[in-house]
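Between the sequences and the hints, there should be enough to build the whole structure, so can you do that?
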Amino acid sequence: MINELSLRVFVALKGLGQAIESKFQDEEGQTLAEYGLIMAVIAVAVVVAAGVAFRTAIVGAFTDATDCLSTASSSTGCT
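Heads up, the sequence shown is in the working numbering, so the first residue is 13 and it goes up one at a time.
Calculated directly from the structure, the hints in this document are not laboratory data. The structure presented is a predicted model; accordingly, all values stated were derived computationally and were not measured. Positions of the beta carbon are idealized from the N, C-alpha and C atoms, including for glycine. Honestly, I wouldn't trust all of these hints.
To be verified - Cβ pair distances, simulated, as ranges:
1) G27 - T68: 51 to 61 Å
2) Q42 - D79: 51 to 61 Å
3) G63 - G29: 40 to 50 Å
Here it is in structure tokens:
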């Protein structure tokens with residue numbers, strides 16, 4: 013029973029390995045990689061655009077946090 017199970021697992025993994033290998037040799041795999049690179053470039057552009065758009069808010073939040081930490085020894089609380 014264990015031998016049969018291990019044989020089935022081996023055959024399944026062998027088939028999976030061949031399928032992955034064929035994707036790297038096939039042009040469809042190249043197309044998938046190109047789409048992945050395009051998506052990565054778009055994601056970086058969105059992050060940069062968000063950073064530019066929210067720059068003032070981000071700087072303000074860090075300034076507030078810095079001010080709060082520098083006055084932490086006093087009895088006033090920060091919100």
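So, going through the hints one by one against the coordinates:
Taking the beta carbon of each, G27 and T68 are about 55 Å apart, inside 51 to 61 Å as hinted. The hint said 51 to 61 Å for the Cβ distance between Q42 and D79, and at roughly 53 Å that hint holds. Here the CB-CB span from G63 to G29 is close to 42 Å, well matched to the stated 40 to 50 Å.
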